[in-house]
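J.: Chain residues, written in single-letter form:
There are 2 protein chains.
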Amino acid sequence: MKIILVGFGVIGKGVLKVINLKKNHLLEKYGLDLSVVAICDSSGAAINKEGLDLELALKIKEETGKIASYPEFGQNIGIIEVIESVPADIVIEVSPTNIHTGEPAKSYMLKAFETKKHVVSANKGPLALFFKEITGVAKEHGVILRYEASVGGATPIINLAKETLAGNRVKSIKGILNGTTNYILTKMEKEQLDFNTVLKEAQELGIAETNPHQDISGLDTAAKLAILANSIMGREVTINDVVLEGITRITPESLLMANKGGYAIKLIGEVTDKKLEVCPKLVPIDHPLNVKGSLNVAMFNTDLANDIVVVGTGAGDVETASAILSDILNIHQSLKK
Amino acid sequence: MKIILVGFGVIGKGVLKVINLKKNHLLEKYGLDLSVVAICDSSGAAINKEGLDLELALKIKEETGKIASYPEFGQNIGIIEVIESVPADIVIEVSPTNIHTGEPAKSYMLKAFETKKHVVSANKGPLALFFKEITGVAKEHGVILRYEASVGGATPIINLAKETLAGNRVKSIKGILNGTTNYILTKMEKEQLDFNTVLKEAQELGIAETNPHQDISGLDTAAKLAILANSIMGREVTINDVVLEGITRITPESLLMANKGGYAIKLIGEVTDKKLEVCPKLVPIDHPLNVKGSLNVAMFNTDLANDIVVVGTGAGDVETASAILSDILNIHQSLKK
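So the protein sequences, as listed, match chains A and B. Residue numbering for the first sequence follows this note's numbering, beginning at 4 and increasing consecutively. Residue numbering for the second sequence follows this note's numbering, beginning at 4 and increasing consecutively.
It is possible that part of the hints are untrue.
Identical copies carry no separate label here, and so any pair may be met within one copy or between two of them.
Here are the computed lysine-lysine pairs in the BS3-like style, where the Cα-Cα straight-line distance is at most 27 Å [to be verified]:
(1) K135 <-> K165
(2) K174 <-> K32
(3) K32 <-> K142
(4) K119 <-> K5
(5) K5 <-> K69
Note that these hints are calculated values from the structure, not bench results. Bear in mind the structure is a predicted one, so any value in this text is a computation, not a measurement.
Throw the hints in and build the complete structure from the sequences for me.
T.: Spelled out as structure tokens, the structure:
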């Protein structure tokens, strides 16, 4: 199976590390022979139809910041042109996310579909904005689109609901879908510190981004919630339909008061047939949704299986690559039969 | 897809209820046309190659206790003979479990494989004792065996680890796999009551069985743990290899002491490459494994995705049937491609 990797930041590097680590295992256990034939970043691409040397690619990126510096096979070329011209089975789309336009990731996906390539993506932007259009185009061209990594990092949320709980109707989903805000609230609660102090510390530790707006405003959670609403519950919504309130106004005093009453305050995304909202909510202390630190969690209320809760790591290079790998394996299994 | 239902107790009835409820949905959403051509219990069977009336079957069973009383198509016939002689795609094996011999369920499974029928089972006995033999025979005959419902009821544990986390190596599994003992411990802790008082109450409520030995001794958890060890971690063990301690010696005082130190005491099944044990363990109060009431939980420690935890309902007719239905749908999807 030939892979084009689009995007060579933290997640892209994680994907290469994981493929490198698992190459033999995948061949032996699943009969899957993975070969990365192109790697793209904003500098250009390295392209080799015989398969690139992944360790070398990681080394070149580390040293020069540019995959175009890859010896012999590196070149200055646009990503769309790579997707169009390089024969491959799957495009792994992990370019930077834009939750306002979905671009350029959306164009990469559509170009992949047009040229009959399956897509595995970790990109929230296009899916939170143009879910129906994008899945429609994939279907039209008879190719598979999978996107487990776009919500919850390593935590299997989308595939769990769609496949492992197949046959159930999911009536609602509630979850903590952003690790940064969960880390901040947990720390504020535990150490009785105010929001700005903890945010600053989280930024210094690299847990929160320099521009934390998307996390703390709830926008990141809203993007993920829109994806869950569309993919699992069959709703037709975008991030712009989500009723939104962030965590910036939460005080250590309110966390303490809630605690004394047997509750934690968490930034919860919730979708039902009628509701689509992200806001701070009280969660009973002994409830499975009350997870600590930067963990993510999703709870499905279903018609047959009652409530099912899944908890896991919401971010990280190798962790997110784990979700991407399971999507690749699922495509491989689908095609084998 | 033609189904033979073997076993018409609580779970068997749940399966028919769910098939009846979801018939149209399965056809519309998945293109799956399910028809139950035989239902067996210890009295005999109802057999109709055109498909049985499920509501009528449930009514007859309710009123007479015997499926053989089904009008026109009911008959006195052995289960093995039904499996052998009735053409069908899938045998749903939900006959009473025997964790000492695995019989007669094991013979039902093997007969199904020999006659080229796929099997979906909720039966712990055969799988906790003869995992390698049974999966080997299924493979030899080119048919599929699935058994999500054998561990954790509605909670997707086996399929989650094997499919949704595909590509990961599961390094250890820890879990609460028995709802009855979790209910008892939760109640003892909360209300500071002793073991026998809570057990008696649980029996009156129908949460614990009249003979609670398998639950409170940890044997039921051990059977499930052996299945997880074999199916997810590739170990070759049986229930007899599990180091075992039950919950009968736990006192409300020990639960209170643990609580004051920030812990709960839970009956934990744990498997690693070296360990295979069921015993009461301390779990930090704010840990995702600390689930209350009769909930089940499993935590996978993996090489890529870190820790993934899944929580759900461990018992119930419709809940267990949910896991069976997802297995049927997965077989249907596999065969379609």
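J.: How would you label the pair K32, K142 (within, between, both, or neither) given a Cα cut-off of 27 Å?
T.: between (29 Å within a copy, 15 Å between copies)
J.: When no copy is specified for K5 and K69, does a C-alpha distance of 27 Å or less occur within a copy, between copies, both, or neither?
T.: Within. Shortest intra-copy distance 22 Å satisfies the 27 Å Cα cut-off; inter-copy 57 Å does not.
J.: Regarding K135 and K165, is the shortest C-alpha distance of 27 Å or less found within a copy, between copies, in both, or in neither?
T.: within (17 Å within a copy, 30 Å between copies)
J.: Using 27 Å as the alpha carbon limit, work out where K119 and K5 are close: within a copy, between copies, both or neither.
T.: within (13 Å within a copy, 36 Å between copies)
J.: Is it within a copy, between copies, both, or neither that the alpha carbon of K174 lies no farther than 27 Å from that of K32?
T.: Between copies only: 16 Å across, 36 Å inside.
Hint compliance for this structure: no hint is broken.
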